[in-house]
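Undergrad: Could you build all of it, start to finish, from the sequences and the hints given here?
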Amino acid sequence: MKQVEETLRQEVAKLLEDGTIDVFVGHEAASLPLKTSPCFVRSPKEVDRLVWNRICTSNLATYLPQLFKRPVGLKGEWTPPKVGVVAKGCDSRSIVGLIKEKQIPRDRLFIIGIGCEGMIDRHSVGRALGVVGLADAKVDDKSVQVIGTDGREKRIDIADVLAASCRECQHREAVLSNLTIGETPSSAPEVSHYANVAEFESKSPQERWEHWVGELSRCIRCYACRQACPNCYCEECFAEETAPKWLGVTTDLSDVFVFHLGRAFHQAGRCVDCGACVAACPQGIDLRLLNQKINKDVEELFEAQVSLSLEEAEALSSFRMEDDQSFMTEP
Amino acid sequence: MLEMTLDKSKVQEFLRLLGENRRLFAPVKDRMGTKFSEVADPSLVCLDGLNTNLSPKEVVFPQWETLYTFKEDHANEVKLAAQETLLFGARPCDARALGLLDQVFTWEGIDDPYYLRRREKTCVVALACNTPGEACFCTSVGGSPVGEIGADVLAFDLGEQLYLRALTERGEALLKEASTLTEKATEEDKQAVQQAAAEAEKQLQAIPIPKDLAALKESFDAEIWEELGLKCLGCGTCAYVCPTCHCFDITDETKKGVGRRVRNWDSCAFSLFTLHGSGHNPRTTQAARYRQRVLHKFLYCPENFGEAFCVGCGRCITNCPAGLDLRAVLERLSSLAKVT
Numbered sequence: 142m143k144q145v146e147e148t149l150r151q152e153v154a155k156l157l158e159d160g161t162i163d164v165f166v167g168h169e170a171a172s173l174p175l176k177t178s179p180c181f182v183r184s185p186k187e188v189d190r191l192v193w194n195r196i197c198t199s200n201l202a203t204y205l206p207q208l209f210k211r212p213v214g215l216k217g218e219w220t221p222p223k224v225g226v227v228a229k230g231c232d233s234r235s236i237v238g239l240i241k242e243k244q245i246p247r248d249r250l251f252i253i254g255i256g257c258e259g260m261i262d263r264h265s266v267g268r269a270l271g272v273v274g275l276a277d278a279k280v281d282d283k284s285v286q287v288i289g290t291d292g293r294e295k296r297i298d299i300a301d302v303l304a305a306s307c308r309e310c311q312h313r314e315a316v317l318s319n320l321t322i323g324e325t326p327s328s329a330p331e332v333s334h335y336a337n338v339a340e341f342e343s344k345s346p347q348e349r350w351e352h353w354v355g356e357l358s359r360c361i362r363c364y365a366c367r368q369a370c371p372n373c374y375c376e377e378c379f380a381e382e383t384a385p386k387w388l389g390v391t392t393d394l395s396d397v398f399v400f401h402l403g404r405a406f407h408q409a410g411r412c413v414d415c416g417a418c419v420a421a422c423p424q425g426i427d428l429r430l431l432n433q434k435i436n437k438d439v440e441e442l443f444e445a446q447v448s449l450s451l452e453e454a455e456a457l458s459s460f461r462m463e464d465d466q467s468f469m470t471e472p
Numbered sequence: 015m016l017e018m019t020l021d022k023s024k025v026q027e028f029l030r031l032l033g034e035n036r037r038l039f040a041p042v043k044d045r046m047g048t049k050f051s052e053v054a055d056p057s058l059v060c061l062d063g064l065n066t067n068l069s070p071k072e073v074v075f076p077q078w079e080t081l082y083t084f085k086e087d088h089a090n091e092v093k094l095a096a097q098e099t100l101l102f103g104a105r106p107c108d109a110r111a112l113g114l115l116d117q118v119f120t121w122e123g124i125d126d127p128y129y130l131r132r133r134e135k136t137c138v139v140a141l142a143c144n145t146p147g148e149a150c151f152c153t154s155v156g157g158s159p160v161g162e163i164g165a166d167v168l169a170f171d172l173g174e175q176l177y178l179r180a181l182t183e184r185g186e187a188l189l190k191e192a193s194t195l196t197e198k199a200t201e202e203d204k205q206a207v208q209q210a211a212a213e214a215e216k217q218l219q220a221i222p223i224p225k226d227l228a229a230l231k232e233s234f235d236a237e238i239w240e241e242l243g244l245k246c247l248g249c250g251t252c253a254y255v256c257p258t259c260h261c262f263d264i265t266d267e268t269k270k271g272v273g274r275r276v277r278n279w280d281s282c283a284f285s286l287f288t289l290h291g292s293g294h295n296p297r298t299t300q301a302a303r304y305r306q307r308v309l310h311k312f313l314y315c316p317e318n319f320g321e322a323f324c325v326g327c328g329r330c331i332t333n334c335p336a337g338l339d340l341r342a343v344l345e346r347l348s349s350l351a352k353v354t
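So the sequence lines, in the order shown, correspond to chains A and B.
First residue of the first sequence? That's 142 in my numbering, and the numbers climb one at a time after it.
First residue of the second sequence? That's 15 in my numbering, and the numbers climb one at a time after it.
Source of the hints: derived by calculation from the structure; they are not laboratory data.
Just so it is clear, CB atoms sit at the ideal spot from N, CA and C, and this is done for glycine as well.
Covered by chain B, according to a simulated footprint, are these stretches of chain A (three or more residues, beta-carbon under 8 Å):
hint, stretch
1, 194-207
2, 262-271
3, 351-364
4, 367-378
TA: Spelled out as structure tokens, the structure:
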């Protein structure tokens, strides 16, 4: 992994030096253990800020559209920058989605793909520690060695703290890239796809209701899920529209439900299951289950997966005569 | 002032007794560590965690509340009565934050009755910290792991027992109410507390805090905000987990002629926060919004209230989904101040 990081830095330095790109979007170390922060590198001198490790959890596609927006108040000619970005499988699929939805231009992007064995979920490490904080952590190929703020040490198997999305990830390499570095990742895990959804679907309506009441009563309406999501680029979210006003501003269950269900519907046929919403949630709500249910429906109804290539039309933005129409009701 | 000790095996009994005619809020275990919760069963109270994931400000300043209701052409006031409340186990930083909120909600002689009705009935038992948390920096912003501001009673965990020091008349009355369960603190206890306090303060990291307000003003156009703005996702996590953030919005929610006026938390990181009715938005970029959050705490609040509105609890740091660290920002601002 150290070697991949070194290669990444060298490649980015070259790209910045020869003018292929103006800015590179990558990950840098954050001050707390097991945390990284997105970074924007503009000079070959800064490439040592870039890191590549098992905690590059953020979906960097989220940070791209802002770079292609004309600066507010700027008069006259403006050429959008040439942007480089490092992409795991999920980031690259989100990039494909954003290109197709015309939020970012393919011809101004240079994508460096890196195969991914899955990223560590900081919340899971926190849960393994219990009520104490995380003072320090060391990661190797197989385990995470953590020290709690109470001074106690613990070795955790990395497989036990991988993000849920990563455990089931079927696309571990970038689906779109200008350059790939690092080794081919090991083959996708043999986890039954949508096992969590199937289990949930087997519950009674009452149990399902209780599950979501429990989860969503934790929501504090901070919108971290929405802001971390590459698909949530709307200038004005339905949640905040005032004319018409679709939902209230409170943390009453009815308001929270409308927000999360509305957001999930807007993800239909678009969610790549990157897990950014789950990682961002300060309350540890499992929003993935909601999105996975919709992904499963799209996959079953239209035999389609989301954002695997630029060429293929997306299930919900195209029409085929053989599309499932069982949902239609008589007029 | 009254100084007592309470055997830790009697904490539940202590809380049960005091909770008889009060609402009791205390830390309980949660999937994110610990959280403040209204507790009916004191056996659930967990004092082993440090900072709860969310601050206890919600006890006195709820995320949302109805200011009044209305129907067609007349309004109905909501009753302002609040129940006696015991906030037990808040850390000194959180107690201090309540002291700061008090200043805001009574600013320039204008009392906020919605805030004060709860605050005036809330007795705060703060629990001093023996060891700091992963992102704590209270001593750098004028606080202390054994600080007394905002609390009515300060408690110390001495291993086998809790030492309780009354700080206000309300705190003294509270301790007297439970006097059957406590013992008078001995000289030995007091010495142990002093030692624990010294130990705790030593462990905290010192970070530079920009205090030159003129230099901070100069930083308004500094380059650092640009990159911070690119990193900042524009969510409200930092503001909502912060014990001192107090900005709110007021909206009317109506349905077929019936409605309510609701006050709810708001965050300066949201793009809609400063959107005018005209469509104009004075803070068009995330850089401007992030700058507002930092300068409000470290420049405008010192100007208005004489102190920074940050108690160093570190929640914004541990919870930021973009890995932004306020300590690093403050360090950069401090070095900026030195240059200019």
